[in-house]
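Starting from two chains that each stand alone, build the complex the way the hints lay out.
Going line by line, the protein sequences match chains W and H. The numbers in numbering that gives the first Met the number 0 rise by one with no breaks, and the one at position 189 of the first sequence is 188. The numbers in numbering that gives the first Met the number 0 rise by one with no breaks, and the one at position 150 of the second sequence is 149.
Since the hints were derived computationally from the structure, they do not count as laboratory data. Keep in mind the model is a prediction, meaning the values are calculated, not measured. Check the hints yourself; a few may be wrong.
Here are the computed distance ranges between Cβ atoms for each label pair [as the list claims (entries may be wrong)]: (1) W:222 with H:207: 28 to 36 Å; (2) W:134 with H:186: 33 to 41 Å; (3) H:211 with W:185: 48 to 56 Å; (4) W:99 with H:182: 33 to 41 Å; (5) W:143 with H:76: 44 to 52 Å; (6) W:14 with H:154: 57 to 65 Å; (7) W:14 with H:155: 49 to 57 Å; (8) W:8 with H:107: 14 to 22 Å; (9) W:20 with H:211: 34 to 42 Å; (10) H:59 with W:194: 50 to 58 Å; (11) H:223 with W:89: 55 to 63 Å; (12) H:182 with W:25: 40 to 48 Å; (13) H:131 with W:231: 37 to 45 Å; (14) H:132 with W:116: 45 to 53 Å.
Heads up, the beta-carbon is just placed ideally off N, CA and C, and yes, glycines get one too.
The primary structure of each chain is shown beneath.
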Amino acid sequence: MNPSARLLALHVFRHNPRDTASSPRLVIYQLEETPGMTLFIALSRIRETLDPGLNFDFVCRAGVCGSCAMLINGRPGLACRTLTAELPNQINLFPLPGFELIADLSVNTGKWMRGMSERLQAWLHLREEADVDAVEARMEPELAESIYELDRCIECGCCIAGCGSAQMRTDFVGAVGMIKLARFRLDPRDARNAADFFDLIGDDSGVFGCMSLLACQDVCPKQLPLQSQIAYLRRSMARQALNGLPPA
Amino acid sequence: MIPASEKPGPWPARLDLLQSLSGLLLGLFILLHLLFDASILLGKDAMWTVTRFFEGYFIFGHALPWLVSLFVASIFALFVLHAWLALRKFPTQWRQHRIYWAHMGAMRHEDTTFWFVQVMTGFGMFFLGPVHLYLMLTHPEQIGPYASADRVWSGVMWPLYLLLLWLVVLHGGIGLYRLAVKWGDYSDPAKARRKLKWMSRALMVFFLALGMLTLAAYLKIGIEHAPNVGEPYVPSLKGVS
Chain W
0 MNPSARLLAL HVFRHNPRDT ASSPRLVIYQ LEETPGMTLF IALSRIRETL
50 DPGLNFDFVC RAGVCGSCAM LINGRPGLAC RTLTAELPNQ INLFPLPGFE
100 LIADLSVNTG KWMRGMSERL QAWLHLREEA DVDAVEARME PELAESIYEL
150 DRCIECGCCI AGCGSAQMRT DFVGAVGMIK LARFRLDPRD ARNAADFFDL
200 IGDDSGVFGC MSLLACQDVC PKQLPLQSQI AYLRRSMARQ ALNGLPPA
Chain H
0 MIPASEKPGP WPARLDLLQS LSGLLLGLFI LLHLLFDASI LLGKDAMWTV
50 TRFFEGYFIF GHALPWLVSL FVASIFALFV LHAWLALRKF PTQWRQHRIY
100 WAHMGAMRHE DTTFWFVQVM TGFGMFFLGP VHLYLMLTHP EQIGPYASAD
150 RVWSGVMWPL YLLLLWLVVL HGGIGLYRLA VKWGDYSDPA KARRKLKWMS
200 RALMVFFLAL GMLTLAAYLK IGIEHAPNVG EPYVPSLKGV S
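If we strip away everything but chain H, and leave its shape as in the complex, we get (with noise of 0.2 Å):
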């Protein structure tokens, strides 16, 4: 028998649910993240309208700003928490990180790389994904076709979107594709994970190409609007204003 004190207890288990809960959470908001940021592609009353509607324009007549900070704070905390969980696979060691780089080149199996890359790219997440939670969490009234498109330019941050659009993109198709590896229960699990890689590679392909369309429409508005700056977006829609 196992002594009491080695017993695992059921921690390890929950950590490691929670660790797939936050991602599957975290993965599934940047999805309508990417969607609705895109909304600028059909036009700026479009993106207006989206903004508007997150701040309960619609519910309560005015916008309450508030209520995306209120948002913007849980999914902050949900970073940081899955950033916690994530840490406990980490290679620490130099050694591991040795052995993980020659097994890798070794191996060339797909799977296996990907792994790293996920590794890399929730790495250099820790570091620019609190930028723009910082940035969203104290200025939630902000955003809009201008004011978004302002910052991305003039306010100098779009390489930092650009950067951070591969790595979210990189970090949560490959993650999504491991959850469903890991949890999932398939009648036939090798013609469901060749069907889920596609899946996974078809979603980095599509939001990759949508993100960067998204961003360079943001430039665009954001160098023409520049002589402007800080100029807030009046709709063009009747009967809102």
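This is chain W alone, in the form it adopts within the complex (with noise of 0.2 Å):
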């Protein structure tokens, strides 16, 4: 035991819906912090000498799967990217909101971006079948890189859980949404056209239900360019509104 480290108190939420003997509670787990600790290594560390039956999800530990997202002291966070050097004693965790429960700490994401991939249509629509012999077709650098840049979203639900419109309204397609449609809409393989994709956010539970908090730019662990993105959205469809959309 190193005497000037400092003892943590992860006060953790608890629940396994599926276990009908469980009930909501918080557990308290006492942890001596070491050198360069992440709360995914801490949590590790819970799950091998205090509790096994700690759920909490991880993939890569480096912010790239973007599996360990929780509420880190009430925001959302990535745990493996969060230095327990930057949080006080007592760091409360709880699963992100807005997403089913799974167990603990673990929400089902995949669940809710599936649903919210399918309903916005966010893969690449091809105007024709792709040939996988031929040549790819040139893109510009720039190009490629600004459809990549908007491509870093890891789907981590911390803009969803980060949301005060995306808390209160179920239907809010959020920044994961909109920033995936305007991947989309940059490129040139996608033979959808404006109006197409007016039909898809250009309403209260996409672009316009959006209230300009920018939550969901302060808490991505990606820092995507969020706020400048959903501000074009809004501004081109809002514009698209006024010069008259084709007849339905």
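Structure below.
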């Protein structure tokens, strides 16, 4: 035991909805802080030494997969990218709100993301069937870069958990939905036109339901340009609505 | 493909635009309104000149208070329109209130908290705004150094004005910031947002201070003028009467 090390108290939400005997509760785990400790390391240590039954998700441990998002002292963030040194002695951990609870800190973001993706048809709609033997069409490096910039979203769910609109209104697609459509709008291989995209997010469950609280921008672990992209979508969709939409 | 019946059509976009536009107009109007009110700080003659100006005195040679009524009517209409449009965003169910409260408390995020301040101040103005607007609509001639001061003190309107000042400045100050981040196109969005936030704060502090000083000035005149309540102001300026 290092006498100068901090003793952390992790107050962790525990509940397994599929266990009828389980009820939501807080469990306090005390843990000695070690140099360079992330929340992911702290949780793994709890599971190894204190409570093997604790549920939390992780895959990459490097902020790439988006699995370990949770509420850290009330704010959404990735456990693997959060250093305990940046937090007070007491650390409160809750599962991300707005997603189906699997157990403890583990939530089913995948189910939500799939629903959103299907609703927004968030995949490339090719103009013609891809010929896998043909050479790919060229793309300007700047365009490829800007598409890649928006494609960095890891679907961790932090923007949904941080968004007051998404928390109040469950049909709101959130920043993750909008950034995805912004990405496909840029892609010249996508056959959809501006009117098609308007039909997907030109209402109150899309870009006009956003109240510009900008928490998504502030909590996004990938620092995606959400503020400017949502404002851009809003401007261009408003312009479309003013110039007259094609008849329904 | 999306079936035609499920396509959003242009109205959600138009309503959002209209909410922003009506808010922008009302916000700019309030800033000018508070500046013109503050003319009393420069003296009774200054305020008298401002009121006569808006009654067309210096154009037509005599005061036409119905011009003020006409303007108040259009502001009233804009106010009702904005309130109706903003209602779309209000939390209406208990579930939504509970969720937002918990969310706001946990997040400790300024813009998230400020949005709720806008909801509360907007709700307050549903009730206080129409009282003021109706009085101005029906008594446009009673705006002047003594008439206004009498209304503030002898008419016991000062508690309403004090409350309304805070509601309108907070609501408008936050609202103008939100409009700027909502629609604006900036080369450095994060820097622009910090700057806009600072400007919004400075605006609120300035107009709250100015508004309180102005109200204090009317209170002082109103208390002094209480024995002669109802008597109109006669300007000391040369050449006008």
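Hints versus structure:
1. W:222 with H:207: 28 to 36 Å: This hint holds: roughly 35 Å between Cβ atoms.
2. W:134 with H:186: 33 to 41 Å: For residue 186 of chain H against residue 134 of chain W, whose Cβ atoms are near 36 Å apart, the range 33 to 41 Å holds.
3. H:211 with W:185: 48 to 56 Å: Since the Cβ atoms of residue 211 of chain H and residue 185 of chain W sit about 50 Å apart, the hinted range of 48 to 56 Å holds.
4. W:99 with H:182: 33 to 41 Å: Given a distance of about 35 Å, which is inside 33 to 41 Å, the answer is holds.
5. W:143 with H:76: 44 to 52 Å: Taking Cβ atoms as reference, residue 143 of chain W and residue 76 of chain H lie about 51 Å apart, which means the hint holds.
6. W:14 with H:154: 57 to 65 Å: Holds: the Cβ-Cβ distance is about 59 Å, inside 57 to 65 Å.
7. W:14 with H:155: 49 to 57 Å: holds (56 Å)
8. W:8 with H:107: 14 to 22 Å: holds (20 Å)
9. W:20 with H:211: 34 to 42 Å: Once the Cβ atoms are compared, 60 Å apart, the range 34 to 42 Å for residue 211 of chain H and residue 20 of chain W is violated.
10. H:59 with W:194: 50 to 58 Å: holds (52 Å)
11. H:223 with W:89: 55 to 63 Å: holds (58 Å)
12. H:182 with W:25: 40 to 48 Å: Once the Cβ atoms are compared, 42 Å apart, the range 40 to 48 Å for residue 25 of chain W and residue 182 of chain H holds.
13. H:131 with W:231: 37 to 45 Å: Distance hint for residue 131 of chain H, residue 231 of chain W holds at roughly 39 Å.
14. H:132 with W:116: 45 to 53 Å: Taking Cβ atoms as reference, residue 132 of chain H and residue 116 of chain W lie about 48 Å apart, which means the hint holds.
When held up to the earlier numbered hints, the structure conflicts with hint 9 and nothing else.
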